Amino acid sequence: MKKILLFIFLFLAVTSYSQVNTKLQTKLNQQAKETESKMIEWRRHFHEFPELSNREANTGKYIADFLKSLGLEVQYPVAKTGVVALLKTNKPGPVIALRADIDALPVIERNSLPFMSKVKATYNGVETGVMHACGHDSHIAILMAVAEILTKNKADLKGTIKFIFQPAEEGAPAGEEGGAALMIKEGVLENPKVEAIFGLHIASMNPLGTINYKPGGYFAASDNFSIKVKGKQAHGAYPWSSVDPIVVSSQIILGLQTIISRQTELTKEPAVITVGLIKAGIRENIIPEEAYFAGTIRTLDVAMQDKIHEKIKLTATRIAESAGATAEVTIKRFVPVTYNDLELTSKTVASLNKAVGAENVFNVHAITGGEDFSYYQQKTPGFFFQVGAMPPDTDPEKVPSHHTPDFFIDERAFINGLKAMLNITVDYMYSPAK
Amino acid sequence: MTNDFPMKRLSLLLLNLITLTCLGQMDAKLQLKIYQQAKDLEPKLIEWRRNFHQHPELSNREFKTGKLIAEYLKSLGMEVQYPVAKTGVVGILKGGKPGPVVALRADMDGLPVNERNSLPFMSKEISTLAGMETGVMHACGHDAHMSMLMGVADILVRNKSELRGTVKFIFQPSEEGAPAGEEGGAALMIKEGVLDNPRVDVIFGLHIQSLLPLGQLAYRSEGLMASVDGLNIKVSGVGAHGATPWDSVDPIVVSGQIIEGLQTIVSRQTELTKAPAVITIGSLHGGIRRNIIPEEVNMEGTIRTFDAEMQKKVHEKIKLTATKIAEASGATATVDIQIMYPVTYNDPVLTAKMAPSLSKVSNDIKITAPVTMAEDFSFFQQKVPGLFIFLGAYPADMKLAKRPVHHTADFMIDERAFITGVKALATLTLDYMYQKQK
Chain H
33 MKKILLFIFL FLAVTSYSQV NTKLQTKLNQ QAKETESKMI EWRRHFHEFP
83 ELSNREANTG KYIADFLKSL GLEVQYPVAK TGVVALLKTN KPGPVIALRA
133 DIDALPVIER NSLPFMSKVK ATYNGVETGV MHACGHDSHI AILMAVAEIL
183 TKNKADLKGT IKFIFQPAEE GAPAGEEGGA ALMIKEGVLE NPKVEAIFGL
233 HIASMNPLGT INYKPGGYFA ASDNFSIKVK GKQAHGAYPW SSVDPIVVSS
283 QIILGLQTII SRQTELTKEP AVITVGLIKA GIRENIIPEE AYFAGTIRTL
333 DVAMQDKIHE KIKLTATRIA ESAGATAEVT IKRFVPVTYN DLELTSKTVA
383 SLNKAVGAEN VFNVHAITGG EDFSYYQQKT PGFFFQVGAM PPDTDPEKVP
433 SHHTPDFFID ERAFINGLKA MLNITVDYMY SPAK
Chain C
73 MTNDFPMKRL SLLLLNLITL TCLGQMDAKL QLKIYQQAKD LEPKLIEWRR
123 NFHQHPELSN REFKTGKLIA EYLKSLGMEV QYPVAKTGVV GILKGGKPGP
173 VVALRADMDG LPVNERNSLP FMSKEISTLA GMETGVMHAC GHDAHMSMLM
223 GVADILVRNK SELRGTVKFI FQPSEEGAPA GEEGGAALMI KEGVLDNPRV
273 DVIFGLHIQS LLPLGQLAYR SEGLMASVDG LNIKVSGVGA HGATPWDSVD
323 PIVVSGQIIE GLQTIVSRQT ELTKAPAVIT IGSLHGGIRR NIIPEEVNME
373 GTIRTFDAEM QKKVHEKIKL TATKIAEASG ATATVDIQIM YPVTYNDPVL
423 TAKMAPSLSK VSNDIKITAP VTMAEDFSFF QQKVPGLFIF LGAYPADMKL
473 AKRPVHHTAD FMIDERAFIT GVKALATLTL DYMYQKQK
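Going down the list, the sequences are from chains H and C.
Start counting the first sequence at 33; every next residue gets the next number (the numbering used here).
Start counting the second sequence at 73; every next residue gets the next number (the numbering used here).
Keep in mind that the hints were calculated from the coordinates and are not lab data.
Hints may be right or wrong, so weigh each one.
To be verified - Listed below are the simulated DSSO-like cross-link pairs for lysine-lysine, each with C-alpha atoms no more than 30 Å apart in a straight line:
(1) H/262 - C/384
(2) C/306 - H/345
(3) C/396 - H/311
(4) H/262 - C/169
(5) H/264 - C/346
Predicted model only: the values in this text are computed from it and were never measured.
Turn these sequences into a full structure, and let the hints steer you where they fit.
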């Protein structure tokens, strides 16, 4: 009896909401389809004229002009070359942020597309080609389309939508600030205060038509560590006169692996400690005074991340002491974990289902790469997802990965990203978390 | 060894002559006489040895062996102390002339090994060790040591008037180690005063070696045989199910890291040109079941060094390495080191002085590399200058199924080595007395 009542109540609740939304969403989906060719055109423009991180001058201006043409309230430049636009409905409701990143990479494009990039730039003092080799061009195009469609349907919406076009996701040049962290610093999450933020990434290795996500830690936190082992120098023939920092370093490197294998709760989340760089010595028969190695730590849980940092310090210093050496450990937090708020995720999955069909939405494993969308998620609940763009009949083993000259995406994926963003926004607007 | 160039030989002879005159040795006539007597004694040496071989007794249980030796020494008319250090025998022979006190030592105990060969005097003795029944065998040649020292006693008694000083014959039990909870061996003999009344000036001893060529005398100045220290490390962690290592502090993985770390003490932190060193973990016990991470792991090891200072350093480094590596994973390591046997250290001045005497006894002299086994003769050498030598007795003429390794069922020696051993001990004694006299 109780169950039946509950069911009826739920049914009523769902129908009353969905009646408003179904009508609106059908309209939005139709407009999405009509915008597809425009979206592809925009993307090809950005693809042909990519710009490196913190150097997205033309890109930013292009976006700002477009958003102004829609009649939105535009802030430009924000965080060097970024653009923020507000769509105010003048009806009470939540402030929802949608974010796209806008920078390209120092990669020389290798294909025969008519809109292939021929742009050159200087990176770290070296001349290089520039390529949208991570698909941020598509992110810009999709979010521009979202802005256009939502503006068109302003009368049916409530609350406020904040469009964030963020520079330097790939990392600012050495010595510069940039990316999500700088945007936050410049107040992008305030005035009005953002209640929830959404973002997407195109994925060249996921099948066209699919969307994937993961509740909780999705993309890993990425921290840099470096360890300097100080020993005592000696001739290589007299190790007993030395404190050998090379042998001690190798003991430490093995010890660090046991932090993962023995001391970390791997059923909760995976974790990675990689030593990617070792430097020691100058000549084969001199035991050097010190050895230096550096690596990256990938975690998906903040508490685990803190613990691993402590354990790295303990392992390195004590193993060094065991041989009479000392170890100086420096750990720099680089990118936080891209953490999909659990409650927000469970609400948002329904919107993804509407965009591409529940059978094409996948709850996937964590990814040990990093994404600076995570900075927003540290401040406000956020949800990040990936849109598959691998052409059908492609051998997944042979798909060029992101950040390579052969990176390729199927433009038919854009409409899925567009629909997903539209559905997420409207669904959240009418049923916010609070 | 015997393929020296004639020139080299000649110079060696000259050198011997010079040292002989400078340092003083017994005269050639006495030497000749003694060597003849040793030769004549050979059948008896073999007979004694075979008797001991057939009736071996375990450490601190050498009752019949000790009694036989005591009675024999008494029959030679010398002053005998018996029993000393449980089953040991000390014979004191005062020479006709004044001089130093020279001690000669032989060890007496057999081993819990089941002999495997077809010798007519093979041991059929059965005994009990630590509650287990076992065969007993003279598998380290101590039977030969006793027989040779009895032979030396016989000869020196006969030449008593030529002796300048006193000879102390020490027949020592339990060289292989006393049973658990008992005292024994050289340490106990010293405790019971074997080096006093009269006070010993110098001590000589030898060990038969089944793997060195017959008749070879091998020795080296300074560390000949290693010191032995016992090592126990207890690694305490936190137990957990094997499937959830993150709930544990895994003492097995930590032990693995410690064992590797210990090896770097030898490879990176020890001056190996000075002397070698060994750290061996011979026992490692942790856990009861494959899927339970245990709370603690216990490892046992042995430390071998040849230099007291190095020994001390290695001990310190072992403690540091184990405790810090354990701390690195949040575990603790408790290190316990037991000093067991000191280094068998041949006094360099004494060794240099006695080298010409050994060259008279055998023309196969080898300056050997250090041996990482130990010998409790070292306890005597801690108190008085001593020289310990190896006597080669490889049974080349015998058809052996297996290498005649010490402490194994297939241990075998060539009895023809005994004369050389008797000559060596008698020569060392007399030459030392004649040097001292000068």
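Hint check results:
no., hint, verdict
1, H/262 - C/384, "25 Å, holds"
2, C/306 - H/345, "24 Å, holds"
3, C/396 - H/311, "24 Å, holds"
4, H/262 - C/169, "67 Å, violated"
5, H/264 - C/346, "20 Å, holds"
When the structure is compared with the earlier hints, a violation turns up for hint 4 alone.
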